[in-house]
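Please take these sequences and the hints and turn them into a complete structure.
Residue numbers (our numbering), protein chains in the order written: chain B, 1 to 330; chain V, 1 to 330; chain G, 1 to 330; chain D, 1 to 330.
To be clear, the hints were calculated from the coordinates, so they are not data collected in a lab. Zero decoy hints are in this set.
Taking lysine-lysine and the DSSO-like style, the derived pairs with C-alpha atoms no more than 30 Å apart in a straight line are: (1) B/Lys139 / D/Lys230; (2) B/Lys273 / V/Lys139; (3) V/Lys323 / V/Lys309; (4) D/Lys230 / G/Lys139; (5) G/Lys41 / G/Lys273; (6) G/Lys323 / V/Lys323; (7) V/Lys273 / B/Lys139; (8) G/Lys323 / G/Lys230; (9) B/Lys230 / B/Lys309; (10) B/Lys204 / D/Lys139; (11) G/Lys204 / G/Lys309; (12) D/Lys139 / B/Lys230; (13) D/Lys139 / V/Lys139; (14) B/Lys230 / B/Lys323; (15) D/Lys139 / G/Lys273; (16) G/Lys204 / V/Lys139; (17) V/Lys139 / G/Lys273; (18) V/Lys273 / B/Lys273; (19) D/Lys204 / B/Lys139; (20) V/Lys139 / B/Lys230; (21) G/Lys230 / V/Lys139; (22) G/Lys41 / G/Lys59; (23) G/Lys139 / V/Lys204; (24) D/Lys273 / B/Lys139; (25) G/Lys139 / V/Lys273; (26) B/Lys323 / D/Lys323; (27) G/Lys139 / V/Lys230; (28) D/Lys139 / G/Lys230; (29) G/Lys273 / D/Lys273; (30) B/Lys273 / D/Lys139; (31) G/Lys139 / D/Lys273; (32) B/Lys139 / V/Lys230; (33) B/Lys139 / G/Lys139.
Now the stretches of chain G that chain B is said to cover, found in silico as 3 or more residues with beta-carbon under 8 Å: (34) 226-237; (35) 254-263; (36) 270-283.
From the three backbone atoms N, C-alpha and C, an ideal C-beta is built for every residue, glycine too.
Protein chains: 4
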Amino acid sequence: MIRFCLFGSGRMGDLYCEIIARNPDAELVGVINPNLPSARKLTDRYGGRAFASFDDCLKHSDVDAAIVCSPTNTHLEIIRQVAEAGKAILCEKPIDLSLERVDECIALVEQHRVPFMVGFNRRFDPTVAALRAQVADGKVGDLNMVLLTSRDPAPPPIGYIERSGGYFCDSTIHDIDLACWITGETPVEVFASGSCLVDEDIGKAGDIDTAMTTLKMPSGVLCHINNSRKAVYGFDQRIEVFGSGGMLQTLNQRDILLSHSSSEATDAKPLLKHFFLERYAASFEQEIAEFISCLASDTPTSVDQNDGKRALEIALACEQSLKEGRAIRF
Amino acid sequence: MIRFCLFGSGRMGDLYCEIIARNPDAELVGVINPNLPSARKLTDRYGGRAFASFDDCLKHSDVDAAIVCSPTNTHLEIIRQVAEAGKAILCEKPIDLSLERVDECIALVEQHRVPFMVGFNRRFDPTVAALRAQVADGKVGDLNMVLLTSRDPAPPPIGYIERSGGYFCDSTIHDIDLACWITGETPVEVFASGSCLVDEDIGKAGDIDTAMTTLKMPSGVLCHINNSRKAVYGFDQRIEVFGSGGMLQTLNQRDILLSHSSSEATDAKPLLKHFFLERYAASFEQEIAEFISCLASDTPTSVDQNDGKRALEIALACEQSLKEGRAIRF
Amino acid sequence: MIRFCLFGSGRMGDLYCEIIARNPDAELVGVINPNLPSARKLTDRYGGRAFASFDDCLKHSDVDAAIVCSPTNTHLEIIRQVAEAGKAILCEKPIDLSLERVDECIALVEQHRVPFMVGFNRRFDPTVAALRAQVADGKVGDLNMVLLTSRDPAPPPIGYIERSGGYFCDSTIHDIDLACWITGETPVEVFASGSCLVDEDIGKAGDIDTAMTTLKMPSGVLCHINNSRKAVYGFDQRIEVFGSGGMLQTLNQRDILLSHSSSEATDAKPLLKHFFLERYAASFEQEIAEFISCLASDTPTSVDQNDGKRALEIALACEQSLKEGRAIRF
Amino acid sequence: MIRFCLFGSGRMGDLYCEIIARNPDAELVGVINPNLPSARKLTDRYGGRAFASFDDCLKHSDVDAAIVCSPTNTHLEIIRQVAEAGKAILCEKPIDLSLERVDECIALVEQHRVPFMVGFNRRFDPTVAALRAQVADGKVGDLNMVLLTSRDPAPPPIGYIERSGGYFCDSTIHDIDLACWITGETPVEVFASGSCLVDEDIGKAGDIDTAMTTLKMPSGVLCHINNSRKAVYGFDQRIEVFGSGGMLQTLNQRDILLSHSSSEATDAKPLLKHFFLERYAASFEQEIAEFISCLASDTPTSVDQNDGKRALEIALACEQSLKEGRAIRF
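What follows is the structure, given as structure tokens:
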């Protein structure tokens, strides 16, 4: 039984609390938020106690691990406290928006030798995991290209955009991590292009909402990522891996599997699953399950602080590439 | 909170116990099986106590409702006891293999005015339910044809076949119920054809493993059902509704949504979901949820003893049609 | 070079003339129709001369083969003339609507030893032919079921219906031929059900427009055929073969292969190819090519008078089954 | 009736001759090749006479138009002769590999006011043309992204590679033209990345076989192109257009439309159409038809010398981007 405390009480906090409440090997002992009523909303539904600080929490409860899904700029300080207390950490992506601060996090984690996982949940999606396993099994032969499409159903509020660290660090970072994980490589060259085509307020906030990224791997494998903040037909999530032996493609998912043919169109299907909570529900569950199992068996997690740092480095290079209109080499 | 007891401790019993254990509005108070160790296997995992008889159960616990998933030939006696005790009943299909005994069940249920639901779970599958809702909404115009394909991944043990009541009463009965439910009609003519092509032991046991059934509805709508005990590519479950305005088709489901193209074939996908526990998982959950909600709100269930009787009558007519080589008229 | 004359100058006559005009191994020498202006419409476009009678045609031209696509009730007399002249015959289906008259045709063909092909063009469709070849190659193992869906885009004029010989002899006969050809068997039992749901004038003309047919083969293989005179989404032509090793399915065809996703629906595709002229264009070309190649090499055609008779016999049994409400055994 | 002569007698020459031979509004009067026996191979099959030079051809025949599908480095000289003779020109892509020489061609065409079409055949494919028409009709709303996948089934001989002008000018140029044509824009920025992953001899010849290109349009629309010289599953040709109102995707094409499900995989389909001759057969026919119709009606062609120049300019910028590792701005 792993006893969890959780920092933050937003959408991700709610999701993690619910998964922990359902997991027979996990217990939610506390939700930590200086804004106590907000923490209580979660403890009222999922159990555990609301605390204003980690110290409070430690005073009242035995804790094995902390889930960090508070705002990104609070991660470093929380990681410091939790690492110093010697507890395991599952930290939402990005660890931080500054590479220096990420390095501080890594130093803390390594100094205190606490288990650490970064929340690249998509790796745990059964279809994505099967894709990578089949690539590793040689089902597409030698890799030539990876193409990732990731388009949200609708843009977030401008307030979110402003604190997001920019489109590449907020969104593309997931695809960057998958590209590296699937190919088993880290890029030598990055080029990114971007536009504001969805919502001009995003542009006014200094961000983009439409992006294309090219990663070139040391082996010569080429990766393409395209992102949009708004796909009216649902959360569009596709990965295509192409190689000397063929191609693997993940398919989009729907809640209802019904096909309609009429005098207007044939084989029309319902919209895609709405967004990441729906599309990646299984992945979050699987992520927590792996985290618990790593803690229980004292084995390292499969996606750690270095994966978190690598993806951020590349996302920041995308940003630089966009600004400078040139490819960034590593 | 509805307090459930459950009769039987086989595959279906396990499934229902698990769903009840997870449902915040339900409580499992007892599992009833003269073979107590078998009942204890379930109570050890899902809570509640094991009882050798319903009387024992009533002595020790408050019970609101009974789930009946013991062997079919025990249903009548159990329904008698539960109805006399005034408790609600969720009974697996078929209620019984004899129409006379089904009529006895119906008489008991009506005499004691207990809520009753028969386990035609497929109606509660989100995709099947959406299909029917869209048919009702006129998405295919006036109905012309309904085609149902239902093929199991592998035949059950011969022991199961021998007690199954025959292929039509065991399997086709689900499709018959859906055909009636989707069209809103009861057939005026039934024709069935069958063969033993999958496993000759099924033939030796006097049954068939491959069947085709035609139902003609009063409106002239024609329904086709095909069944097989063995589809090597997984549990094949498709419904097609065709009408003056077009067609709706349910699509088969897979756990992993991955497509593979190679020098051998393109767009090859994984096998279908294995069998009904996997394919219809959501439907069982939904079925229990509706049952609980009907009990809580004191409203009738949407699939009752008369639906159970109708489907059995038609399944028995299929059997007769097969034996006599002629269409059976109602 | 095979010199063709052609009887009839309707839609099928036009199609065959066009194919012959394009085929470098064929020459159109004459079109025969007592209504000469109608014949001239074809010869003006495709070459050859218009004749009022076969005798006229023979007087003026060397003829190797005759294509018979005049009204069905004229087939016997034409076959008599052509067979007596010792020329090869490609006859549209059905050969005749009376089994006795078909037997007369067969006797003539065999007495005069003329090459004979019946126009079951669908066998020559590349996809259908590939399906059968793969079945023969064991790609589905031992056959268990064959399902054929054949739905026209719109009903023909009532005048056509009245002379069609009924839905089974006019339409289902194609599917019956395919079922026998794919399975390599001739049914021992036939059951047909039918309704008039598309156009009540069809009912007034004594015919049906919606039909379901079950064929049981000597091996126990079960075949289902469903037909409709009106599918608003285009000409729906599907064959599914199911066996111990899996399933083969032909896919519907479209002129434009474009998929549309919007806030209304995803993966919506254009309507199916409009009707048989579009969907089966390649099959007619292939049929003529085989006929020419058989004549050139003096080998028998792959689809002859006996295939034509068998399909008619079964279609007539469907009609009888519908009228008498019982299965017909052979 | 348009009288054609044709320069070159390779694969494209054969294709064009065959189309002209079949087109009732066209006549093949001559095939011009200094290597006369090579020209005769075509005239033996499709009619017309073989000539060693354009002068010879003009001496013996009336010519309305010339199709130029000789090696790229001969185009300029041929265009000079044909333009000076005042005949219409259909020139294969690329017009030339040097922008200066393309400008010379354009000057000649404009000076002599001869009709000119460049062979971007893919625009004439019915599905591609329907895609663009639907984009223009607003079916995807405001454009955000265009993605083009174009992968050959197998690399050409090294001799071809050496004379090809490089992968971007030989292959990507088709996709560049489509990207500009579909968006109605010319890029302001181009970035290309490439590798040699398919055949190391291509690398030794100084070329690449795997490429990814990003085009940024003045409106902010982003385009991605990926190319490979070898897709083992057939000629992979897909276009995806994404916008504020949804998405349009062209689907790959197969000769046989058959789906196979077994214990290994489900819905497996045959390989894609083999290569451009098969996949784009209709487009070449349509291209010639438009060319003839423009000549007959004295209207300009829809794809002219400026389209040819634009695509080359962008392809050359891709090459430069690859070499210099930076984005090229226009």
